[in-house]
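Here's the letter readout for the chains.
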Amino acid sequence: MLSALVVVLALVLCTWGLGMGADGWQAPWQAWVDPGQRAILLDIRAPRTLGAFLVGALLGLGGAVAQGLFRNPLAEPHLLGSASGAGLIMALAWSVGGAWGGGLLARLGLTVLAFVGAVGGVVLTLLLARGAAHTLRLLLAGVVVGVVLGALTQWLMLWSAEAWRAMQAFMLGNTALLGWDACALLGAMWLLTLPLALAMSRVLDALALGEDTTRSLGVPLGLARGVLVAVLAATTAAAVAQAGLVAFVGLVAPHLVRGWGAGRHRVRLWAASAMGGALMLVSDVLARSLLPPQELPVGVLTAVLGGVYLLVLLHRRPT
Amino acid sequence: MSAVMLQARGLSVARGTATVVRDVHLAARAGEWLAIVGPNGAGKSSLLRALAGLWPAASGDVRLCGERMSPGPSRGSLGLRARQLAWMGQGLASEEALSVDEVVALGRLPHQGWWGWPSRSANDRAAIEQALQDTDLLALRQRTLQALSGGERQRAHLARVLATQASVLLLDEPSAHLDAPHQRLLAQVLRTQAQRGCAVVSVVHELPLALAADRIAVMQSGTLLACGDAGEPAVHRAIETVFAQAVRIVLVEGRWTALPCY
Chain A
1 MLSALVVVLA
11 LVLCTWGLGM
21 GADGWQAPWQ
31 AWVDPGQRAI
41 LLDIRAPRTL
51 GAFLVGALLG
61 LGGAVAQGLF
71 RNPLAEPHLL
81 GSASGAGLIM
91 ALAWSVGGAW
101 GGGLLARLGL
111 TVLAFVGAVG
121 GVVLTLLLAR
131 GAAHTLRLLL
141 AGVVVGVVLG
151 ALTQWLMLWS
161 AEAWRAMQAF
171 MLGNTALLGW
181 DACALLGAMW
191 LLTLPLALAM
201 SRVLDALALG
211 EDTTRSLGVP
221 LGLARGVLVA
231 VLAATTAAAV
241 AQAGLVAFVG
251 LVAPHLVRGW
261 GAGRHRVRLW
271 AASAMGGALM
281 LVSDVLARSL
291 LPPQELPVGV
301 LTAVLGGVYL
311 LVLLHRRPT
Chain B
1 MSAVMLQARG
11 LSVARGTATV
21 VRDVHLAARA
31 GEWLAIVGPN
41 GAGKSSLLRA
51 LAGLWPAASG
61 DVRLCGERMS
71 PGPSRGSLGL
81 RARQLAWMGQ
91 GLASEEALSV
101 DEVVALGRLP
111 HQGWWGWPSR
121 SANDRAAIEQ
131 ALQDTDLLAL
141 RQRTLQALSG
151 GERQRAHLAR
161 VLATQASVLL
171 LDEPSAHLDA
181 PHQRLLAQVL
191 RTQAQRGCAV
201 VSVVHELPLA
211 LAADRIAVMQ
221 SGTLLACGDA
231 GEPAVHRAIE
241 TVFAQAVRIV
251 LVEGRWTALP
261 CY
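Protein chains in written order, with our numbering: chain A, 1 to 319; chain B, 1 to 262.
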């Protein structure tokens, strides 16, 4: 039932997103008869809608993995240094390499670099926190890494005009430039990371009972942690490399499905992923329709909505 | 005499700069329930963790079914060890929204393998049902841990250990939070496991429950002060000594029990 609801919501929003234009809502089947409109639908709106869904799906999946791995309901890619690590590497790539163009190879190259940055950010956070055992220390380390790497990113942007221009859209999160190349990459990464995460779902369930219990159940914790950090980094890197820093989707999506009673990670992982995709579609549609004809960067909207949600969550939790 | 399932030989355990377990020689045999007692900070839980292979030995070693437990075992031997030996710690996590059924099913993880799509075989389902029945949890199987009382949660973790069907059970304060009827149920469960041929080792705070075991190991300040049959006077004297004469072991209606001396 939960899954059906999420899928239906996503499909409805897909249709809406496809039909959304400068003149307001227009059903895609009405525009289909006009070749010009059809080209816009197929080459601009369709990849943007699919791409936005996939970005959200990857962030939702990454958030569910992070919360399970670190046994921390506030863990998400942005709070653990992986997004800021990916951001720094992207800024470095733009300042050193200049414009990368929009081809599949360039996107692939940026994604690989973002992956390296994301892994580096998480590892740095874990090193500073001396492991993932202490929740508060982990979150504080994540904040420190985020601030320091963010400052370095800003410095690179000031230093290089090329990086400045490219990073403007990136820092605020943007789905407007998602084409079929980006969709192919995002889709491939989602198809790779979702089964990998699902294969680790019992480890994530066991981790909920503590690391010692997990080890006593015969799980090689170091290897399992490595695989999960790789999934977290890959999901973040792919999303960040294509759509920039989209905040809070990774935090909110797993919480929304947690509230609906999805306890096991086998359910929660893919439900959080679907919910993340749906949230991104909602945000994208709102970003396009709140201040017409202007378009808000989608990251600004997710940050505002996510920030409010986080505050509500903090006040609801007893501790 | 039954086979030795788990053996510590000259085992010492260090945490940071402190040595928390010193030169312990201890054996747990098949068909036997061994209770470890001692005051707070005696090193009971540390000993149990080292016996489970969760903490490394600073010196000495632990042998499981005659094989030395290595500190960094291969993935294959980790799985084998988890099928032979099940451990339950104290102060277990309770915030997670896992249901009782899902927690108990995790006990089958060593048999299923940690990697891959979760599915339950007929053996898994039978073991889970049996464990839920043994711990009086069938009616609560769909409830989440969050929604349970401390005692019910404790039983869920006990059921997880039972579902593993391991031949060595290491339980750290399994009676914590349990009411009197469920303490009696726990004693019956541990006795049944021992009768089935398991070696049961449990850290116990409730001395009457410890005195229901086959043997008792008495610890103080990281060392093993005495170890012997639950009815041995020397063991009783050791218990009274480590608890600063605050308890007295007496025979009531043919059973040994502990009376507080206030």
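Hints are computed from structural coordinates only; laboratory data are not their basis. Errors might be hidden in some of the hints.
Simulated restraints, written as ranges between beta carbons of each label pair [said to hold, decoys possible]:
no.	chain 1	residue 1	chain 2	residue 2	range
1	A	Tyr309	B	Gly197	32 to 42 angstroms
2	A	His315	B	Gln90	45 to 55 angstroms
3	A	Val312	B	Pro56	24 to 34 angstroms
4	A	Gly307	B	Gly151	38 to 48 angstroms
5	B	Asn123	A	Asp212	53 to 63 angstroms
If you want the ones that stay clear, here's a sample from chain B, every Cβ over 10 angstroms from chain A, calculated [unchecked claim]:
no.	residue
6	Glu67
7	Glu102
8	Gly107
9	Gln112
10	Leu251
Glycine residues also receive a C-beta, built at the ideal position from the N, C-alpha and C atoms.
Hints, verified against the model:
1. Range check, A/Tyr309 to B/Gly197: about 54 angstroms between beta-carbon atoms, so the 32 to 42 angstroms window is missed.
2. Range check, A/His315 to B/Gln90: about 32 angstroms between beta-carbon atoms, so the 45 to 55 angstroms window is missed.
3. Judged by the Cβ atoms, the range 24 to 34 angstroms given for A/Val312 and B/Pro56 is violated: they are separated by roughly 45 angstroms.
4. About 40 angstroms separates the C-beta atoms of A/Gly307 and B/Gly151, a value consistent with the hinted range of 38 to 48 angstroms.
5. For the pair B/Asn123 and A/Asp212, the supplied restraint of 53 to 63 angstroms is violated, since their beta-carbon distance comes to about 26 angstroms.
6. For B/Glu67, the requirement that its beta carbon stay farther than 10 angstroms from each beta carbon of chain A is met, with the minimum near 15 angstroms.
7. The claim that B/Glu102 lies off the interface is violated: its Cβ sits roughly 6 angstroms from the closest Cβ of chain A, which falls inside the 10 angstroms cut-off.
8. Interface exclusion of B/Gly107 from chain A breaks down, the closest Cβ pair being 8 angstroms apart, not more than 10 angstroms.
9. For B/Gln112, the shortest C-beta to C-beta distance to chain A comes to about 7 angstroms, within the 10 angstroms cut-off, and the non-interface label is violated.
10. With a least CB separation of 38 angstroms from chain A, B/Leu251 remains clear of the 10 angstroms interface cut-off, as annotated.
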